[in-house]
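Student: Assemble the complex: chain A is given as a structure, and chain B must be docked to it using the hints.
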Amino acid sequence: MPKLARFDPPAFLDDFDEIPGQREGWSKYISATFDRAITAVTQQGVPVNGVQFYNETKTSSDPPVSDQAIQWLGFPQTLVAQFGRSRALRIADDPAPDPQSNNIISRQQDEYLEWQVTRRAGKIVRVTFTCEGPEYWQSIAGGPSFYNNPGESPADFGANGDRQLLVQLYRMLVGTNQVQEADLFFPDSPDTYNPWNVWNTQRGIVHLQQINNTLGAEIHIGADGTVLRDKAGPVTDATRLICCGGFGGPERASDPHLGAEVNAFARDGFAITLRNPVGIYMEGIDDTAITKPGPGGTRQPVGNFFRVVRPKASANTAGLSVRAIYEVPAGERGPDGRQLTVSDLQIGGVPITRGGQLAEKITMQFFARACREGAFNNAGLPCRAKCCRRQGVLGIASVDDPCTDVFPASQELLDTPVTLATVRSATGEPGSRRGAMP
Amino acid sequence: MSVPAEGQDDPDALEPILPLDDVQGNILPGFNKRHQRVVGFRVVDVPAAKRWFACAAPEITTATEVQRFKDLRRALRARRGAAPTGLASVWMAIAFSAPSLRRLVSDADVELFEDEAFHVGLHARASTLGDPDAGSGIPGSPDLWEFGGTETTTADVLLILAADRQDMLQFHLRRVRGSIAAAGDGLELMFEQHGADLEGPLRGHEHFGFRDGISQPGVRGRLPWDSEAFLTPRVLAPEDPDLGAFARPGQPLVRAGQFLFGYATQDRFVPEAPARVRDAPPWARNGSFLVFRRLEQDVAAFRAFVASAASDLDTHTDLAGLTKQHLAALLVGRWPSGAPLMRTPAGDDTLLADGIPANAFRFDGAEPVHAFLPGHEDPFPPAPADNTGVRCPIWAHVRKVNPRDITTEQGSDTDTLARRLLRRGIPFGAEFDAEGAAGPRGLLYLSYQTSITDQFEFLASSWMNTQSKPQHDDGDGHDVLVGQNRAAGEGRVRRATLPTVGQGGATTHSFSTGTGPPWIFATGGGYFFAPSPSALTDVIAA
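In order, the protein sequence lines correspond to chains A and B. Each residue of the first sequence is one higher than the one before, starting from 1 at the first, in the numbering used here. Each residue of the second sequence is one higher than the one before, starting from 1 at the first, in the numbering used here.
Same shape as in the complex, but just chain A (with noise of 0.2 Å):
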């Protein structure tokens, strides 16, 4: 198989077909992006000959060839975690101040999937789901990056973007011509693009925005999880590795399962990398015990009520919907005759009174590559990093951290007495997570 040509834009999105030479543009700073993750990969102790992970427009992949799916469920499992499901639900749905992000109002969904739910008359008549890297539209915009250093931003590989284009999209997208092109820049660096403007935020949806929910981030941890680990023994478990490799969120779905299937790949000495177009896709969404009003009280089976709007549809796009809306299509009508929405739906028996009800039903899915299985035979490195609770949450720390370690080696564990107290300070006090029993 010949080296990449190019690398395409996500999901082989057209928009830059409308902007010279920003296809090349990306495609150059895509390619930087595999570049300074290989070289994070070397920074961590990895010689440079034994880096698995590679930018497919330098380095050919040689058959035979294995591309996986991995894949993951829409609705973030912290929340859940941190708050029981029906108060993540609650919470998951509107945009609020994200305490990682200075309290600039954010969704809070991290999974790589964000939701927008549209309602009239108190009712749910629409919900959008996106999966677009704000990358992307970061290039359309052009100029400074806020998610880059300088010198590294679309821009500065030839992506020079198109302000009228992102405006027009962003009005087509959100449904409205009150989209002013003043309103997606920072008001003090008119320059830059605001991935949080209200468009994207509090007035509509048209991108991932969430800070960790970028094509960056899923390009690292596809790097990151190529390093083999070693604590008193091989890391091979999903959190355990992320904890150790210090990547990612490791209470998120996602990253913990990316990092451990491409690490399984890089254990069998494969080369990795991240198949072209490379992006975070929703795989679909399992509508099979979502129900609608019938005859005399019953309930029946909805129809594809679950629209994938970005890309067009075409042969090479399956499994690659980056935008898509879960509407009640018009003229659907109930048994009093009356058009159906969204909130008269019910998931196995349960109104859908939450978007998340929807995104819990998404399967989401990045695409692997490996090749030259057996070609690499790394030892395991020791940890960079490792993971402690705090508030209850399980978070990246340095190993110099005073923190409690969660997960101590073996060795250790083995040697040290589980008691009360050590298993307290590790989970955070008595009611610190616990449900409402009275």
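Just to be clear, a hint being listed does not mean it is correct.
[Unchecked claim] Taking lysine to any residue and the SDA-like style, the derived pairs with C-alpha atoms no more than 25 Å apart in a straight line are: (1) 292(A) - 47(B); (2) 3(A) - 62(A); (3) 292(A) - 153(B).
Keep in mind that the hints were calculated from the coordinates and are not lab data.
Tutor: What follows is chain B alone, placed relative to chain A:
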């Protein structure tokens, strides 16, 4: 590894002293009697029903009684060198639907249960489990169920009677009916369903011929009459690295809160750490949710499929000689004797069908060689690793419902511990091959857990009924044995891909079920709450 001394009042205790006098005996350690009857009642008169609950409460069998009985049987067997004869008892368990608890206790109390599946009931969740739509005419659709297909046909109260002998069961049932009448007929009989262990060589097997009920989680906790003793006996020696995590190889220890309300549940990452106690009313402590599904089995349809599919697959060079018995074992993950494919992939081996060897295997990694306490052993070569499902397919039933050490789409294998449940099922109907045996036949599926949504339903809807979960690989597929596929336009076809490693290298071969009638389908059931004996007396009967 030392274990801290912990009182029974600390919900976070790793090994709490379990008040077995106040836990129903079918939850822990489980009736496991040869004859059982599941009886559904409607509450037609609340005061009269409460009178009966009050007088029947002392007859609800406690975990203490079942545990003591089993200890006695074990002691007799050890002394005599053979199973004791004449030792027999009758036991009874009780459980209530959410609508009945609303009438018997209060709406507000029932609202405190966080589980949405319990609130809406099995009939409303049938689609979640993959059952066909009502009105579809396909076997398994709720409108065709014998009971429980709608709210009005769902039992308010479920009794499970269990006995060593059929005549004892009949006698006790007559007593129950008499006492209900004497209390004022507050309960009206809706259905009776007999269950019985199969006879002869199929004893302990389900109707397709496979030994059932081998793998159960090890419930953490200590006995109230001997705080040094664990409810789930431990067989590993102190020097074995898995002591503390496993009761025996293949039986991981799981926190009591996964099965009893009022105790910490399993942390997703650290098996020893406590996670939150599930939300429930205070009187739910020591109770559990009971799932009941009457699953009919069409043995002829299953055998026909296996024969046909094996014949098709046999045409591939690297699958030449694949028998229908072998394909059936691949679907289950075990041979008919119960011997696991992970330990004996080429053929059945009854030496591996019982005790420790029957369940000592992992999937992602090799089972280590263990050090055992005296009197326990596993003298056979340990099971190797099989991440890609060459020995035991990714879609084999035992692997779908319990992926063990596999990293799943949920993340770490530690999450899988939080999906385990206590199975208490028993077959119903006559053996298929018995002379003159007519249907129906199948399994009375019964399980106890503290979250119907996150345990029972999760296993069915997220893993058994999907192709790519819990493990996504070239050789994945539905749980063809038990799983369902109700995706639009798919005709309920279940698919699987068999990975093989032959002379030509690794390859895969796909097969599917076709659109014919299902060989396992629901014909009744319900979601219930099994209270502690004290809650039955002090709250429900009050």
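Student: Starting from the hint list further up, note which numbers the structure goes against and sort them upward.
Tutor: As far as the earlier hints go, only 1 is violated by this structure.
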